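Taking the hints into account, I'd like the entire structure generated from these sequences.
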Amino acid sequence: MIEIRGLKKRLRRRWVLNGVDFTIVDGESVVIIGQSGTGKSVLLKHIMGLMKPDEGSVLIDGHDVTRLEGEALLKVRRKVGFLFQSSALFDSLTVAENVALPITENRLDTGGRLLPDIVREKLHLVGLSEDVEALKPSSLSGGMRKRAALARVLAMEPSYILYDEPTTGLDPVMADSISHLIRKLQREAKVTSITVTHDMRSAYFVADRIAMLHDGRIRFTGTPQEIINSSDPVVRQFVEGFSENGPLSTV
Amino acid sequence: MRAEETATVIVTRLPRLVRVAEFLINVVEEVGRMAIMVGQALRAIPSAFRSRKLVLEQMAQMGVDSMPLVIIISVFTGAVAAWQAAYQIQGLIPVKYLGSVIGRNVMIELGPVLTALVVAGRIGAAMAAELGTMKVTEQVDALEAMGIPPARYLVMPRLISATLMLPVLVVFADFLAILGGYLVANILLGISTYTYVIGLRHSFEARDLFAGLIKAGVFGMFMAIMGCHYGLRTEGGAEGVGKSTMQAVVASCVSVLIADYFLTTFLFPISGQ
Ligand SMILES: Nc1ncnc2c1ncn2[C@@H]1O[C@H](COP(=O)(O)OP(=O)(O)OP(=O)(O)O)[C@@H](O)[C@H]1O
Ligand SMILES: [Mg+2]
Chain A
10 MIEIRGLKKR LRRRWVLNGV DFTIVDGESV VIIGQSGTGK SVLLKHIMGL
60 MKPDEGSVLI DGHDVTRLEG EALLKVRRKV GFLFQSSALF DSLTVAENVA
110 LPITENRLDT GGRLLPDIVR EKLHLVGLSE DVEALKPSSL SGGMRKRAAL
160 ARVLAMEPSY ILYDEPTTGL DPVMADSISH LIRKLQREAK VTSITVTHDM
210 RSAYFVADRI AMLHDGRIRF TGTPQEIINS SDPVVRQFVE GFSENGPLST
260 V
Chain B
40 MRAEETATVI VTRLPRLVRV AEFLINVVEE VGRMAIMVGQ ALRAIPSAFR
90 SRKLVLEQMA QMGVDSMPLV IIISVFTGAV AAWQAAYQIQ GLIPVKYLGS
140 VIGRNVMIEL GPVLTALVVA GRIGAAMAAE LGTMKVTEQV DALEAMGIPP
190 ARYLVMPRLI SATLMLPVLV VFADFLAILG GYLVANILLG ISTYTYVIGL
240 RHSFEARDLF AGLIKAGVFG MFMAIMGCHY GLRTEGGAEG VGKSTMQAVV
290 ASCVSVLIAD YFLTTFLFPI SGQ
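Residue numbers (this note's numbering), protein chains in the order written: chain A, 10 to 260; chain B, 40 to 312.
If you are wondering where the hints come from, they were derived from the structure by calculation, not from laboratory data.
Source: prediction; values computed, not measured.
The hints are all genuine.
Straight-line C-alpha distance at most 27 Å; calculated DSSO-like pairs for lysine-lysine:
#1 LYS84(A) to LYS92(B)
#2 LYS92(B) to LYS145(A)
#3 LYS88(A) to LYS193(A)
#4 LYS61(A) to LYS282(B)
#5 LYS61(A) to LYS88(A)
#6 LYS199(A) to LYS84(A)
Quick look at the structure:
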C-alpha cells in the first residue's frame, strides 16, 4: 500500500504540490491525470524518494520514504519500479546491460537462472527481440527506448510500478500495446501500478481508478465511468480536451 | 549622531556583508556535500572487488586518454628544466651536475604536479561532463530509483582508479622528463651520457620517487572528487554540463596546487628545522 499524506512541495516560488492526500491499495491500477506542469512527475519523484517534500509523508508498506536515508531508502526503492518520462536508459551501456544492471548491482536472486535468459525474457515481455540486445540506447527509436526502460524496470520484479507518461510520443498502436502491457502486468504479475498520462484513451483502459491533480491537490478520484459522468467543470474540460471557455488556463 | 552614522555605515554595507556571508555558507555547504559524497564512496570500497570491471574500465580509459598528453608535456618539461637549470647554475656549480638537479626536480615536483595539472583538465573534465550529462538526463535518478547508490556505482570506481592511475602516469612522466632533460643536456649543452647518468644516480633517493608518487595519488584523488562532485550537482541541461565541467577543472587544479604545498612540507621536511 502507498499512502500519500498532506504532501507539499514548493519549487521555484510555487507550491507545486499543496497538500496531496491519496492512497493506493495493493493490486489496483491508478491513473493520475492533470495538465502539463501541474506536478505529476514531481509527485512520482516524491513517491520514489528522489525528491524530498517540504511537508507531509509518503508511506510505502508503512515505511516513510520522505524520512528514510541511505540503505534503508534503497531497500524500499527496490520494491518500486519507475519508468521515467525520458526513459533514462544508461547511454554508455547496451540494452542488455541496461536490463541486467539492477540484477547484477543489487545482487538479486535469480533462482539459479542465467542472466542472459532473464534479460531476453524481460525484453520479450515488452515486445523487443534479441536483435536490440547489443544496441546502445541512442540507436533506438523513442518507442523502443520506452520498452527497453520498461524491461529494465521489470528486471527488478517490483511490487509497484510507477509509469510516467508511458504512451506519450508513441504511435497509437504502440501506445495501445503499452496500455495492454500495463494491464497484463497488473493482472498477471500482481503489480500495483500508478500511471501518469495525458492519453485519456489509455487512461480509461488502464485505470481501476482515475485521480486528477489540479492546483497542487487531488481534485477528483473515481472510476473511469465516474469521471466520464463527472459534472466538475475542471474535470470535464480536461477529459473532453477543449481549450476555450473553460476553467483551465493554457498559459 | 555617532550612533546614527554607525548605523548608516552598517546599513549601507549590509548587502555586501550578506553577500560575503552567503558566499561563506555556500563554501561550507559545498565542502560538506563533498565530504558526504567521499564518505559514501569510501564506505563502498569493500565492494570494489565486485565492481572491478568498472574500476578497470575507468583505469584503462584514464590511462589511454592521458598518455599522449603525458608524453608530450613530460619530454618538454624535462627539456625546459634542463635548460633552465643550466642557466641558473652557470658559474655557481659545474654544469656537469645537471643530471642530479633535473632528476630530483622531476621526481619531487615537476613530474607529479605538471602531470596532475594537465591530466586534471582531461580527467576532471571528462568525469564532470559524463556524470553531469547523466544527471541532467535523469540517469542518476534512474540509478537511485533502482536502489543503486551513485556513490558506489559512479563515484567509487572513479575515485579508486584516479588515485591508482595517476602514480602510474607519473612514473612514465618522470622517466620521459628525465629523457627530455638528457636530450637537451646531451645535444645542446654537450654533457655526455655517462656524466648525465652519474649525476642522476648521485642524487637519486628512492624516498624522493615514492614521495612524488604519493603526491600523485593524492592529486588523483582530488581530481576525482572534484570531477564527481561538480558532475553530480549539475543542473539545467547542456549549459549546466558546460558550467560544471569548467568548475571541475578549475577546482581540480586549485586543489592540486594547494595539496601540493601541504604534501611537500610534510613529505620533504627540511632538516634542522
Ligand atoms: N527539479 C526541479 N526544480 C525546480 N522546479 C521543478 C523541478 N522539477 C519540476 N519543477 C517544476 O515543477 C512543476 C511541475 O513539473 P512536473 O514535471 O511535475 O510537471 P508534469 O505535471 O509532470 O508535467 P508534464 O505533463 O508536462 O510532464 C513545473 O512548473 C516545473 O517547472
Ligand atoms: Mg511529467
